[in-house]
Amino acid sequence: MTDFLLELRSEEIPARMQAGARAELEKLFRAQLSAAGLETGDLTIWSTPRRLALIAKGLPEATAAVSEELKGPRSSAPPQALEGFLRKTGLTQDQLEDRDGVYFAVIDKPGRPTSRVLTDTIAHIVRHMPWPKSMRWGKDSASSESLRWVRPLSGIVAIFGEELVPCKIGGIEAGFATRGHRFHCPGEITIGSASDYTEKLRACHVIVDHEERQSIIRAGAAKVAADAGLTLVEDEGLVIENAGLTEWPVPLLGRFDEAFLEVPPEVIQLTARVNQKYFVVNGKDGKLANGFVCTANIDAVDSGAEIVAGNRKVLAARLSDARFFWEQDQKKTLAQHAEKLANITFHEKLGTVADKVERVAKLAEWLASEGIVPNCDPALARQAAELAKADLVTEMVGEFPELQGLMGGYYARAEGLPDAVADAIRDHYKPVGQGDDVPTAPVTVAVALADKLDTLLSFFLIHLGPTGSKDPFALRRAGLGIIGIILENSLRCDLEQVMTEGFRRAQAKPTNVEDLVASSVMFFFADRLKVQQKEAGVRHDLIDAVFGLAPEGDLVRLLARVKALQAFMATEDGTNLLAGYKRAANILKQAGEVSGTAAATPPTDADAVLLAALDAAQPAASAAVAEERFTDAMAALASLRAPIDAFFDGVMVNDPEPAIRKYRIDLLSRFTGAVHGVADFSKIEG
Amino acid sequence: MRRRWANAAAIFCTCEGIAAVADGADKTPLSFQDMILTLHAYWAARGCAILQPYDMRVGAGTFHPSTTLRSLGPEPWNVAYVQPSRRPTDGRYGENPNRLQHYYQYQVILKPSPADLQEQYLGSLAAIGIDPLLHDIRFVEDDWESPTLGAWGLGWEVWCDGMEVTQFTYFQQMGGFDCKPVAGELTYGLERLAMYIQNVDNVYDLRFSDAVGDVAAVSYGDVFLENEKQFSKWNFEVADTETLFAGFKAAEAECQRAIEANVPLAAYDQAIEASHLFNLLQARGVISVQERANYMARVRDLAKGSCKAWIDSQSERWTAKYPGWTL
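Protein sequence lines correspond, in order, to chains A and B.
Per the working numbering, the very first residue in the first sequence carries number 1; after that it's consecutive.
Per the working numbering, the very first residue in the second sequence carries number 687; after that it's consecutive.
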C-alpha cells in the first residue's frame, strides 16, 4: 500500500471558488480511480490561493488482474459463427475452451501499475476540472486547443510513494519541486513524498490545510481584538474568504477615527467587510467600536505596523465616502428623495417605482382602515408606504444596495418621523426568506403585506408569474412572505377578497384581477402554503383535502382546520374512517348513476344505525366547522367510524333487490357527503 | 536543480526570502515623474517598447490602439506607456483628495503573456520602492469586462495593504474576438501608487518633480488643480450638449465610412471619439437610464466593427507569417 500526493499549483485561485474546486477534485479523482478498478480510501484535499493538493492514502501498487470469460457459439454451430467469435475475441480456435459442446474464451487481463493509472488520472483532472470560469494563457493560447484552468497553471507535483508519477500536460511536466510562500520563500522546494509535504511547506511559510488557516484566523482575530479590550464580531464567511486569500494568515488589529462612528454601524460593517474583507469589533458596551481586523499574508519585518497603517488609510477613505453619503442624503427629506422615484422604471409594463409606491400606499391604507391589519392607523400606514422606497435613490443605497430599507429607517428617524413609520420603512422587505423575522408591528405589517401583494399580483397580471424553475421576480418568496405575515399575526381575512377588492382599489386602471385570483393566484398560495408548512411537519395532502373543498382564503382558519385534521388522521378512528371512506367512494364510483326508487325505510339494523349516526353527525360537524371548532368537527366524524365499519361488515351494498341497493348507495353517498363537509378525504394519501 | 529530501525530520526552509528592496529605510520616496521613469526603465529592460500616450481623449489605457487592436492577432507585442485618462463623471472640482476627472494610468501589454508575468510585475513594485516583506501584497479576484469594447479577461486587482494599486488581466476576448495568443495587461493607477509611496493623503500634495538646484519642486496640484476645477465645470455645466450629440452622430457615421474604406485604424479613432462624447453626455446628465444602454450598444458596435475591420485587413499577413493560425 502506497500514498499518493498531487499538487496542482497555479496563480491565485479566487477565494470563492476554492471549496467547489476541492469537491470537484475529489469527485474526479475517485471516479477515475474507480473506473480503473482501484479503491480510494482516505482522501485529503487541501487548497490555498496558489495550490490544490490531494493525498490518497494506501493505494495498491497495481490494479487487480482480472479474468474475463466470454461465452461463444456451440461447437456444433456453423463455422461462420465460430469465425465471428474468434474475430471478436482476437483468439485462435485452440485457445478456446470447449465446455459441454459450447466454446468459451477466457481472457486474462493483467493488473495495471497504479502509477500508470495516476498518470492518466492527472491528465483527465487537469483537462476536465469544471471551474466556474476558466481561461487560456501564454504562447500556447495561440491555439484554440490550449489548456484551460482558472488562472495559469504553473506546476504539478505528483509522487506515488517516493516515485515521480510521470505526466506532461500543456507543457507542464510533473516533478518533485514546488514553491513556498510568494514572498517569504519564493525559491523551489523539493517534496519527497506525501508524508513530508505539509511540513516542508509549513517550513516555507505555507499552511496548506485550509481548515488550519481558518482556525488561525478565527482564533487570531479574536485574540488581537481581546488584547485591546474589544470583542470580535464573528463572521464565518470572512474567515473562509480570508483563508482563501492567504497562505500564511496573520490577523492584525487597526483603529479608525472615532468620529466615523456617527455613521450607522451596519454601514461601517458592510464597508469593512465587502470592500476590504475586514472584521469589525465591539466595545465593552456591545456597540460597534472604532477598530477593525485585517488578515495579512506575511509575517512583516515590522510586525505589521506599516500594513496596519496602510489599511487604516484605505478604510478611512472608504468611511469618508460613506460619511459623505450619510450627510449628503440627509440634506433632503425622504419625501424629497421619493420624488425621484418617478424616474425609475419598476418594470416596463408596470410603470415607475413611483406608480408602485402609490398602489402600495392605497393598499396599505385600505388594509388598515378595513381592520384587516388590526390596531393600525391608516394614515401612518399610508405615510410609511409612501416613503418606504425613497432610500432607493439615496447615495448610500446606490453604493450598498443591501442596505435598502435599513437606511430609509435611519433617515426617517433622523428627520423626526414617528417610530412606527421609521420601523415600517426599515422592515417592510421582511421576511426575505424562511427563518427571517416576520414583522409584527401593525404599520410594518400593513406596508410589508401591501408591498408583497402588489408585486405578486402586478406580475401575475402581466403573465410573468413563476414557471418551473424560473421565478425572476422572486414571486414565490413574496408569496411565502405574505403567508408568513398573515399566520404570524393571525390576520383574519379572506385573502381572495383582499386581493380582488384591495388590489382593484389600488389600481389606476381597471384590471381583470378577479379572474386571475380565482384561476391561478389562490392555487399558487395553496402551493406556497404547503412549502411554508412543510418544515412544521404539516402534511401537504391534508392541505389539499381542506383547500380542495373550495379555495379557502382565510389562511388562519385553513391551517387550524388542517392541523385538526392531521391530529385526527393520527388516531385509529381517523385511519379507519379513511379506509371506510375509500371503500365507500370506490363502490359509488363503480355504481355510477343509480336510478330507480330507494326503499322507504332502512332494510336492516346496520342501515338504520348508520342513518341515525349520520343524522347526528352531519349537523354536528357542520355546526362545528362553522364555529371553527375543528377538533369537535373531527370528533363528529369519528362517531361515524363504528357505524360505517358495522355497515360494511353486516350488509351487501349490491343487494339483488334494486330498491335496497338504491337505498344503500344513497346512504353511502350521504356518508361521503358528510365527510366532505369537513375535508375532501379523496385527497388524503395512505 | 532537483533535491530529494532523505530525512523528513530535518525540515527547514532553505530558500531565501525576497531581498528587501529598501537599502535605506529613510531613502526619499520617488517623485511622481521618477516613478514613471523608473517603470519605463524597468519595462524597457524587459523588452518592452516604451510608447507615448495616444493623442486622443480616452477613458483608460486600454483604449490605446496599442492595447485594443494589438491584442488581436498572433504577433508578439510588448509595450509600456503612460496614458492620460479622462472620466468626466469622476470630476470633483479639485475638492476631493482622491478623485480626479483626469489622471494617469501606466499600461503594460505583454503578448503572449509570459509564464513569469506575476514575478515581473512584483519586481516592478519593488523597483518603485514597495518592499513585499513590509507591505501586504495580494492578488484578489477581479474579472475585467469592458462592455463598450466587447472585451473581457480574468485576473485580479492587486492590493497593497488593502489598497487596489493595479488591475492585472489576462485578455481572453477583445472586440468580441478570442485573443490568440492571450496578452497580459497591467494597469497601474499612478496617482494612487504615488500617494501610497509618498505617504500623502491628498493627491494635490504629491511631489510631481523634485527640486533641482535653484529650481523648486513641483506638486501635482501645481500642475493639475486648476485643470480639475475648470474641466469639472465644463464637463458638468458648460459643455454644449447639442454639439456633443452632433459630435457623437458624426463620429458614428465617420467610423462606418472608415470601416467601409478599409482604414480600420482611422475607424477606431472615431469609436474612441464616440465613446468619450458619450461619457461627456453622461456627465451633463442628459442621457436617461433607458437611453444609456442604447448608447453603450452603439459604441460597442463601433469598437467591434473596428476590431473586425482590423482583423480583416491583417489576416492575410498574419496567416502567411504564422501558418496554422486561425481566428
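Hint data in this document are derived by calculation from the structure and do not stem from the laboratory.
Keep in mind that a hint or two might mislead.
Unchecked claim - Straight-line distance between alpha carbons at most 27 Å, and here's what the computed BS3-like set of lysine-lysine pairs gives: (1) Lys133/A <-> Lys1007/B; (2) Lys313/A <-> Lys287/A; (3) Lys313/A <-> Lys1007/B; (4) Lys994/B <-> Lys139/A; (5) Lys331/A <-> Lys994/B; (6) Lys313/A <-> Lys713/B; (7) Lys915/B <-> Lys139/A; (8) Lys331/A <-> Lys713/B; (9) Lys919/B <-> Lys340/A; (10) Lys990/B <-> Lys133/A; (11) Lys139/A <-> Lys1007/B; (12) Lys990/B <-> Lys332/A.
Comparing the hints with the structure gives:
1. Note on Lys133/A and Lys1007/B: the hinted pairing is violated, with a Cα-Cα distance of about 32 Å set against a maximum of 27 Å.
2. With a C-alpha separation of about 23 Å, the suggested pair Lys313/A and Lys287/A falls inside the 27 Å cut-off, and the hint holds.
3. A C-alpha spacing of about 52 Å is found between Lys313/A and Lys1007/B, which places the hinted pair above 27 Å, so the restraint is violated.
4. For the suggested pair Lys994/B and Lys139/A, the alpha carbons sit about 22 Å apart, so the restraint of at most 27 Å is met.
5. For the hint pairing Lys331/A with Lys994/B, the CA-to-CA distance comes to about 50 Å; that exceeds 27 Å, so the pair is violated.
6. Only pairs whose Cα atoms come within 27 Å are accepted, and Lys313/A paired with Lys713/B is accepted, the gap being roughly 22 Å.
7. Our distance criterion of 27 Å between C-alpha atoms is broken by Lys915/B and Lys139/A, whose separation comes to about 46 Å.
8. Proposed proximity of Lys331/A and Lys713/B is contradicted: the alpha carbons are some 47 Å apart, above 27 Å.
9. This hinted pair checks out: Lys919/B and Lys340/A have alpha carbons roughly 24 Å apart, not beyond 27 Å.
10. Between Lys990/B and Lys133/A the CA atoms are separated by roughly 23 Å; this keeps the pair inside 27 Å, and the hint holds.
11. Under the criterion of a C-alpha separation no larger than 27 Å, the hint pairing Lys139/A with Lys1007/B is consistent with the structure, at around 16 Å.
12. The hinted pair formed by Lys990/B and Lys332/A fails the criterion: a straight-line CA distance of about 43 Å is larger than 27 Å.
In summary, the structure is inconsistent with hints 1, 3, 5, 7, 8 and 12 from the numbered list given earlier, while agreeing with the others.
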